[in-house]
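K.L.:
Residue numbers (full-length UniProt numbering), protein chains in the order written: chain A, 1 to 618; chain B, 1 to 436.
It is worth saying that the hints were derived from the structure and are not from the lab.
Since we're looking at a predicted model, the values are computed, not measured.
Distance ranges between label pairs, derived from CB positions:
#1 Gly254/A <-> Asp411/B: 51 to 61 Å
#2 Asn300/A <-> Cys200/B: 42 to 52 Å
#3 Asn335/B <-> Gly254/A: 42 to 52 Å
#4 Glu181/B <-> Lys146/A: 27 to 37 Å
#5 Trp287/A <-> Gly289/B: 33 to 43 Å
Among the chain A residues that face chain B by a calculated CB cut under 8 Å, a handful are:
#6 Pro198
#7 Leu199
#8 Asp213
Yeah, the Cβ is synthetic: ideal placement off N, Cα and C, and Gly gets one too.
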Amino acid sequence: MAAKRKKNTGTDLKQEEILQAVVIADSFNVRFAPITTDLPRVLVNRPLIDYTLEFLCLNGAQEIIIFCRSHVDQIQRHVESKWIRKSNPCTIKIFSSQECVSLGDALRDLDKKNIIQNDFILVNGDLISNMTLSPILQEHKERRRKEKCMVMTMIMKKTNSPPKMKFKDDDILLAVNNDTKTVLYYKKLQENRVIGFPLSIFKSNPNVSIRNDLMSTGISICSAKVLSLFGDNFDYECRDDFIKGILIDEEISGNTITVHIEEKEYAARVSNLRTYESITKEVIDRWAFPIVPDVSFDINDPKYSYRRHNIYLDDDVKLHSNCKLIRTVAIGNNSQISENAQISNSVIGRNCKIGKNALIQNAFIWDNVTIEDDCCLKTCILANHVTVFRGVTIEEGCVLSTNVTVGPEVPIPGGTLLCKSEIKINSANEFGLQSNAKVYKAFAEDGEDVPDIPWCEPEQPDDISSDEESVISEISAVEQDDRIAFYDELSGLLESLNENVSVDNVKLEINSIKAAYYMEIDDVIFQLVKAILLFPLRNNEQLSIEQYKASFKEETAANNTLVSTYLIKVIESFYDSDVLAEDTILSWYSNCENTDLKNRVKKLIEWLEEAEEESDED
Amino acid sequence: MNESNLKPSFQAVVLAGGKGSRMRDVTEKIPKALVPIGNVPLIYFPLKSLERVGFQEAIVVVLKSQKEIIDTAITNTDLKLCVKFFAIEDEDDLGTAESLRLLKDRIDMDILVVSCDLITDLSFHKLADMHRAKNSSLTIMLAKSLSVGEILPPGGRINRKIENQFIALDNSQRLIYMATESDLEDEIRIRHRIIKNYPCINMHSSLMDSHVYLISKSTYDLMFEDTNIIDLREYIPLIVKKQFAKEDKVEKNENESETDDHLIDEMSSFRHQSTSINLPRCFGYFYDGLCFRVNNIMAYCEANRRSTTFLEKFKGIPTVNISPSISLQPKSTVNSDCLIGEKVTIGAKCGIKKSIIGMNTEIGDYCKVTNCIIMNKVKLRKGITIQNCIICENATLEEKCELKDCIVGADQIIHGMAKLSGEAVRGVMNTGFDLD
Chain A
1 MAAKRKKNTG
11 TDLKQEEILQ
21 AVVIADSFNV
31 RFAPITTDLP
41 RVLVNRPLID
51 YTLEFLCLNG
61 AQEIIIFCRS
71 HVDQIQRHVE
81 SKWIRKSNPC
91 TIKIFSSQEC
101 VSLGDALRDL
111 DKKNIIQNDF
121 ILVNGDLISN
131 MTLSPILQEH
141 KERRRKEKCM
151 VMTMIMKKTN
161 SPPKMKFKDD
171 DILLAVNNDT
181 KTVLYYKKLQ
191 ENRVIGFPLS
201 IFKSNPNVSI
211 RNDLMSTGIS
221 ICSAKVLSLF
231 GDNFDYECRD
241 DFIKGILIDE
251 EISGNTITVH
261 IEEKEYAARV
271 SNLRTYESIT
281 KEVIDRWAFP
291 IVPDVSFDIN
301 DPKYSYRRHN
311 IYLDDDVKLH
321 SNCKLIRTVA
331 IGNNSQISEN
341 AQISNSVIGR
351 NCKIGKNALI
361 QNAFIWDNVT
371 IEDDCCLKTC
381 ILANHVTVFR
391 GVTIEEGCVL
401 STNVTVGPEV
411 PIPGGTLLCK
421 SEIKINSANE
431 FGLQSNAKVY
441 KAFAEDGEDV
451 PDIPWCEPEQ
461 PDDISSDEES
471 VISEISAVEQ
481 DDRIAFYDEL
491 SGLLESLNEN
501 VSVDNVKLEI
511 NSIKAAYYME
521 IDDVIFQLVK
531 AILLFPLRNN
541 EQLSIEQYKA
551 SFKEETAANN
561 TLVSTYLIKV
571 IESFYDSDVL
581 AEDTILSWYS
591 NCENTDLKNR
601 VKKLIEWLEE
611 AEEESDED
Chain B
1 MNESNLKPSF
11 QAVVLAGGKG
21 SRMRDVTEKI
31 PKALVPIGNV
41 PLIYFPLKSL
51 ERVGFQEAIV
61 VVLKSQKEII
71 DTAITNTDLK
81 LCVKFFAIED
91 EDDLGTAESL
101 RLLKDRIDMD
111 ILVVSCDLIT
121 DLSFHKLADM
131 HRAKNSSLTI
141 MLAKSLSVGE
151 ILPPGGRINR
161 KIENQFIALD
171 NSQRLIYMAT
181 ESDLEDEIRI
191 RHRIIKNYPC
201 INMHSSLMDS
211 HVYLISKSTY
221 DLMFEDTNII
231 DLREYIPLIV
241 KKQFAKEDKV
251 EKNENESETD
261 DHLIDEMSSF
271 RHQSTSINLP
281 RCFGYFYDGL
291 CFRVNNIMAY
301 CEANRRSTTF
311 LEKFKGIPTV
321 NISPSISLQP
331 KSTVNSDCLI
341 GEKVTIGAKC
351 GIKKSIIGMN
361 TEIGDYCKVT
371 NCIIMNKVKL
381 RKGITIQNCI
391 ICENATLEEK
401 CELKDCIVGA
411 DQIIHGMAKL
421 SGEAVRGVMN
431 TGFDLD
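Bound conformation, chain A alone (with noise of 0.2 Å):
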């Protein structure tokens, strides 16, 4: 781990080079309010930065300047107990200003104070990462000496979601040369239909990769050139808007900028409340090992004991012998889980007490929180001393900010952000009676946008659904927001066709919105099926799978040709996700007294029987 001192090679130089980095620790939005009003980020139990300390001492940084402006003695505090001692070969800065709103005026903070001379790499304080940087810190300078101009490399990584998975600020389009990275045109994408590239950039690079599957990793590598450059431009906020000037630029001034594209190692920004969730799991699951919970990088450091299934335990973990740690769980020092307790992907801080029964997935929860029995909590983040009285249900989406109280017998609804209120409330608290939470609004700080990125999407009507769209998610390419739009004048059309509304009119209907929404036949078809499926559930939310079958029979399925003529699709779809065992579309169909349905479904029938024989013979 010691860093090694590189001797500068260059001929005139004899002063020693000394690998300077510099992280930004604070990310100057509000996308993890309230928690972060009180307290700096923490992940898998580790406060955020020392990721990325780890990770930058790993790769030899000698000299680490950390830049922050909220939480400044914490962080103080806590890099001194930790990071600042004798056998840390680096020497760490930490500097901060209260004026500093944005990265821009940070690095310009740093370019007054001449403190880099040389290449440095520039940070995120919210970064995880196992990259080996070396190799791109040669290949930097490498280009360095023959084009002065480059001014800095900046790390994407190559990600293999879905694009539905992508989060909206972090969808960049990228064009690159191809032979020699650089980056030729950088754009944030948004909703515009077409995508106008500059015919200028691919007529003087003969290959250009268009990229839309990068994700920003805040890793950069820069020349001393970039702060005087953010220096000189004051109207440079955010990386994004420097490497915009330096492409519009770069004509006049030359400069360029290239692009690593790494496609193996791991590196990721807690960037917002969906990559906090994805990363922690990461890590959990061992993505970016050696950044596991189990590995400590220092004494004081929890010491996990790995299990199978990826559950961490630390010392003094007392468990009931009846509660249930399904997979991706770590759990801190000197928590107690009672009795039928199950918990699956989450984090439990240290001194955490779980109630009886308490059903807990996707949670993260820090220290000294107390959850009582009965309760249930799904994808959540519950800061130190959160209490969560007996029977609270948590849905998707909530954050419950530092000593907040929630309960007893109350249900959270999705996406509640709490934090603790310091007036003495009413017993009429929403939350509960014995809750001392208000819900948090976030206010704009100066000028910014509130960041309005729900941590959960609104909920899928049911599982089927969500099967069979992973199935055709590759060739979805219409917004979900029309989808749903769609799905509700769909099923509304439906309706209609008890009112003894010709078929053929609600035919032309659908075909009429599926032109007024842009949707694909592939779409039309899936969200019809979906509107038939659910049909019955509309009035009535709670049904047995019996009268689900009882009601979707006699309403719709027998009675109109346009259902039945889906029928097919229907029984398939049931075959193929398993709700249907095929004995039972069998039994039905021997029993079905509906001749005209039978007909229908008669290919299908015939197919499922063939295959019976067929895995008879095997």
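Chain A is fixed; fit chain B onto it per the hints.
P.N.:
Just chain B now, kept in the frame of chain A:
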């Protein structure tokens, strides 16, 4: 893969009805299909390529007026392939797509369309492998476009212009985008949806469409829907675009879907396949080896210059670059980088370098020929110096001419002592062409 497997699944069509408008200076008197490359008619090369992958017959589309002469030329070569001519009327001035539509009755399977100006040593079965593996509707062979070097082509600067093509492929060789520079303004526009679905695409501006197309039968049938499309050059980008079209634009058979049979068919099969059949799928096969499209003077010169290296590959037998039947007077030197046809007579004290000389050409004493293409029956009188020129059939250069970077059209006579540079001498200037 057995090469002869190609035969039953594809029909070969060679388009030789073009007029060679981009190389008018040499195609004035002979069809484009017959301009000599290394003293072999151009059309020999695509036909030979087809023969080598196992085609036993090929449909050759020719102009009616040129059918005879092309037929004779082909019979004089070593081709064993059965050539079926399809003659189109000269005056109809048909585009390539229109000619293909006329072949309707003769085509009953996927077709391999090759232009008569293609010289490549790619074995087409590789293209066919891709076509089948990717379940492609249209597979296009792509090659590096001719780089515009510093050397001036004969006939002046005008012949140097080569149009850029912009071709985008994704990692699976799917053809995403295709356009020629002249069709674009100052932007390349790509739909948001396409970028979402193909998040990593490579846009090439140094590749060209080599006009080798494997067109599936269904895509061929689609051609009859867009009857206003005259040329394949327009049709191919259109198909590429149609890949991403909204379903209803391609499918017009709304009526058909009313029959239950059709519905059930469509629904009980896997949905993916049923729709992707309707939308074409285009792929590009990039070949990095020998590939010329002899459709302009630059390419014509380059192909000729390199003909000494590839001629052997096509003929399949060792070729003699300098025919033994030539008569060479004393003190003349002919470098080994030349290709000299039969019955050429070369006078005394001549120097011939890097040149191609056609049959029955007579070269007088004291001539210096460097980097030239000289076709059949050309007469060079005494003391002529020519450099980087194309001298077409039957032309005569009178004594002591000095020509540099010129094209001399068929049957032209260049007067004695003329000094020309960067000119193209053609029919209209024939009479009264006088210098000084």
